[in-house]
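There are 2 protein chains.
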Amino acid sequence: MSEKLEKFKEILGEVSDLGHASAVLGWDQQVNMPPGGAEGRGQQLATLGKLAQEKFTSDEMGRLLEDLQNEYPDAETDEGAMIRVAARNYDKAKRVPSSFVAEQAVISSKALEAWVEAKSKSDFSIFRPHLEKNLEMIKKYISFFPPADHPYDTLLEDYEPGMKTAEVREIFGNLRPKQVALIKAISEARQVEDDFLKETFNEKKVWSFSEKIIGKFGYDFKRGRQDKAPHPFQTTFSVNDVRITNRYEKDAPLATLFSAMHECGHALYELGVSPAYERSSLEGGTSLAVHESQSRMWENLVGRSLPFWEHFFPELQKTFPKQLDGMSANTFYKAVNKVEPSLIRVNADEATYNLHIMLRLEIEIGMVDGSIEVKDLPEIWNAKMQDYLGIVPPNDALGVLQDIHWSYGAIGYFSTYALGNIVSAQLWEKINEDIKDLDEQTRKGQFAELREWLRAKIHTHGHKYDPQDLVQKVTGSKIDSAAYVRYLTKKYSEIYGL
Amino acid sequence: MSEKLEKFKEILGEVSDLGHASAVLGWDQQVNMPPGGAEGRGQQLATLGKLAQEKFTSDEMGRLLEDLQNEYPDAETDEGAMIRVAARNYDKAKRVPSSFVAEQAVISSKALEAWVEAKSKSDFSIFRPHLEKNLEMIKKYISFFPPADHPYDTLLEDYEPGMKTAEVREIFGNLRPKQVALIKAISEARQVEDDFLKETFNEKKVWSFSEKIIGKFGYDFKRGRQDKAPHPFQTTFSVNDVRITNRYEKDAPLATLFSAMHECGHALYELGVSPAYERSSLEGGTSLAVHESQSRMWENLVGRSLPFWEHFFPELQKTFPKQLDGMSANTFYKAVNKVEPSLIRVNADEATYNLHIMLRLEIEIGMVDGSIEVKDLPEIWNAKMQDYLGIVPPNDALGVLQDIHWSYGAIGYFSTYALGNIVSAQLWEKINEDIKDLDEQTRKGQFAELREWLRAKIHTHGHKYDPQDLVQKVTGSKIDSAAYVRYLTKKYSEIYGL
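Line by line, the protein sequences are chains A and B.
So the first sequence is numbered by the numbering used here: it starts at 1 and just counts up by one.
So the second sequence is numbered by the numbering used here: it starts at 1 and just counts up by one.
Heads up, some of the hints might be wrong.
Since the list can't tell identical chains apart, any single copy or any two copies may satisfy a pair.
What the hints assert, rightly or not - Below are the SDA-like pairs computed for lysine to any residue, each with C-alpha atoms no more than 25 angstroms apart in a straight line: (1) Lys222 to Val116; (2) Lys55 to Ser99; (3) Lys4 to Val392; (4) Lys222 to Gly36.
Hints were generated in silico from the structure; no laboratory data involved.
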C-alpha cells in the first residue's frame, strides 16, 4: 500500500472513529441519559463534529485526494471507490462554509422550538416565519453548489447520491395514479376486522417476542442489542456493534413487533457491510432509500406476509391466548394489513404510506423552486390530502405540522422513504427468482438464505455503489415502481377480494 | 477576558469534551456493549485519546501557557489556578514522548494478558517477565522527569500532586504499629456474629434499597444513574451527569449497599464541583486520595456507623423480615463491622484494609529504587502478610497476583486508597466540630448538612488546590493519621469491648 493511501486511510479511520463516538453519545442521550446531561452532551457532540469536520476537510486530505484520484482511477476497485466517495464528500464539505453550518444550526434549533410550540397549539402561523428562514438557508445551501437540472437535485444528492429530481418525479408519477386507484378499490371493499389489536398485550412478553423474531431473522445479540427509547432507530458503533431501539405503545401494543423487524432490517444491512470497509468512506449503507428498502422488506414483505404469520402466529397465540383466542393466522395477517386512509404518515399502512410521501415531495420541490410559498402550505396540504387520500385534517397539528423534518431544516429527505418501499419490491421479485421456495422457508421460520442473499448482493458493498447503480446491478433495472405496484395489487386483491 | 485566555479555555474545553466522550464510551463498554463491539471501541478510545493529547500538547497551547502564566500569576484566583494546573499537566505530557506511550500501551496490554493467565493458574513465573518489563518502562518514565528526592515521587505526583514519598512513608510509619496492635487486640476479643449476612437477599430489593440510601444522601437521579457492571465505579460525563455502577454478588448480597454508598461518595464530589470549572483544568476531584476520602466517608464513617443503622435498619428489616427477624440495629451494625484478617484486599474490613496497602507501597518503593527484585516478590509478599496480618496466602493467586494494577503498569496508585481513609477521618473530626448534632441528624436519616459542608469545603474547589493544601486549608493540618487511629480505636473498642 502506498504511503499516501495509508495516510488517507488513517485520516478516514479517525474521522470514522469520531463519527462512531458521536453515535454512542447520541444513543446514550436517547436511551440512558439523565436530564441533567443535556447541556454537556450538546457540547461534546459539537466538539466531536467540529473535529471530524476539521480533520476531513484539512488541506492534507485535499492534497491526498488529488494525488490518489490519479493513482487509483478505477472506481470498481475498493481503493478507487473509497477515494471516489471520499472525494465527493470532501468536495461537498469544502463548499459549505463552517460559518454557514453554525448559522444554520442556530436558526434550525430555534425553528425546532417554534415547531414544538406550533404543533402543540396547532397554529401554523407560529412556525411559518421559522420555516421561511429554514427555506432561505436551504436556498443559500444550494447556491454553494454548481447549478443542477433542478435546484432540488442538490438536496436529494445528500441522501441519494446520483439521484435526480426528474427521476424521482417520474417514478412517483407512474406510481401515484395506480396507488390512488388501488386505495379507492379497497375503500369500496369490505373492511377487515382488527379491533383485537387494541387489546392489552403485556409489554414484557411483546418485547421478548420481538427479540425472538429478530433473533430468527439473524440479528446477533453478541453484535447488537435492543433498548427502549422514545423513538425506534438503528445506530452503528462499528460493524460488530449495531444497535436498535424500540418502544411500546399502549394504543398499538403489537407495533413493537413491526418496529423491531424494521430496525432489524436496517441493522442487518450495517452488520453485513464488508469488514474491509470498516473505518473508511465505504462503511455503512449506501443511501437512505436502499437502507429503507432493507427495513421495509423485513417489516412488510417478510413480516406482514401470510407465510410469516403461518409460522409465528401459533406461538403468538400461545403467548397471548386470551387476546387471540380461536383466531386463525389468516385473520391475524389481514388485521395487520388493514388499509385505511389516515392523517398521520408514521401510522399509515403500506398501501397509503407512499401517498403521504408524494404529497411532501411535491411541496418540497415547490418550496425550493419557488412555485409554492410557505404561507400557503396549510391550504395546499389539505387540498392534496383530499386528492390523494380523500380525507382532510381537521387542524394543522394533524396536517402540515405533523412531521419534525422541516423544522430542523431537513428538506429532501422524505422521498427516500417511498423510494425504499419501491426498491424493496424490486429486490423481492429478484429474490423470488433466485430462491424458489422462499415462501416455504418463511413458513418454516427459516431466513438464512434470504439474509445471505441480501448480504451478498446489497449489504457487503457498503457505500461502494451509488443507489441507482446498485439497484441496476442487482435487479437489471434502475429504480422503478412497477414491481411495487404488482406487489401491492396482488397482496391487497387477496386480502380485500378485489 | 483576554483573547488569549479565551482561546486557552476553548482548547481546554475541547480536550475536556474528548475526555468526557471517552468516559461515555468506557462506561458503555462496561455496562452495555455487546462482545462484538470490543475491537471498534478500542480504536475509538485510542483515537479520542490521541486527539485530546495532540490538542493539549500543541505548540499553540505551549505559547498560550507561557504568556498566561505571566498575565495571571496569582494561583488563588480561578484563572491563575486553571493556568497553573494546566501548565503542570502540559509539562508532564510534553516530557513523555508519544512513542513511549505507544510502546508502553503494547507492553502493558501483553502484561495484562499474562497476568490473567498467571492468576488463573496461580503461577507467578508466567507474570514475572512481564512485570519486569513494566517496571523497566516505569523506570524509563521516571527518567523523563527531573530527579526528585526519591524516584517514586515522580509516580506519586501523577496521582497525588505535590505529595512526596517521604511524607507518605511518615504517615504510614506512624499508623502501622498502632493498626497492627489494634488488630491483635481484636483478634483476642470475642468475635461478632455475621452469618446471616450470607443468606439470600433478593437482588431487586437490595438494589432498590441501595438507591433509597443514596437518594437520601442526596444523589440526584436527574443528574446521574446507577447501572449494573462487573465492577463498581463512578464516572463523570459532565457536572450534571455523574454516574455510578454497582454489582450484586450472591456470596455477599448486602455488599451492594456499601458499594452504592462508596460510589455515591465519589459521585457527590464530582457533582459538587463548581460549575464555573466545567470544561477546564479545574473540573473534577483534585486527587485520588481526596476522592477516596469522600467515598470512604459515605461508605464507612456514615454507612457503617451505629446512628446510620439506627435509622435504616428498621426499614431493612421490614424489607427482609425472614433474614433479619428479631435482630437489633446494634447486632447488624456489629456484623457489618466485623474485623478478620483476610487475604484479599478488596474484601478487607476497615481495620485491616490499610495494612494491605502498606505492604504494597513498600514493595512498590522497593521495586522502583531497586532494593526489591521482581523475582523475590512472592516471598516478600508472604513474609509481610505474616508480619502485618498474621496470615500467609496458600498460593500466589490469593497473594501477590491478586490485584490487576501492576499488570497494566499502574505503580504509585495503591497508597491513595489508604491516604483516602486517613483523610476521611481528619475531615470527620472537623465536621463533628462544625456540626454538633451530626449523629442525631444521621439517626434521623438527614444528610443535607453534612453533604453541604463537604460541598462547600471540598467539592466546590475541584482541582484548584493540591491535596495537601486542601486538607491543610480545611482541617488546619496536613495529612496525618492521628485522627484515623482515634476513629478506629474508638469504634472497635466499642464493638469488641477492648
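Right, here's what the structure says about each hint:
1. Lys222 to Val116: Result: close only across copies, 23 angstroms inter versus 38 angstroms intra.
2. Lys55 to Ser99: Both ways: Lys55 and Ser99 sit 17 angstroms apart in one copy and 22 angstroms across, limit 25 angstroms.
3. Lys4 to Val392: neither (59 angstroms within a copy, 59 angstroms between copies)
4. Lys222 to Gly36: This pair counts as between: shortest inter-copy Cα distance 6 angstroms, intra-copy 31 angstroms.
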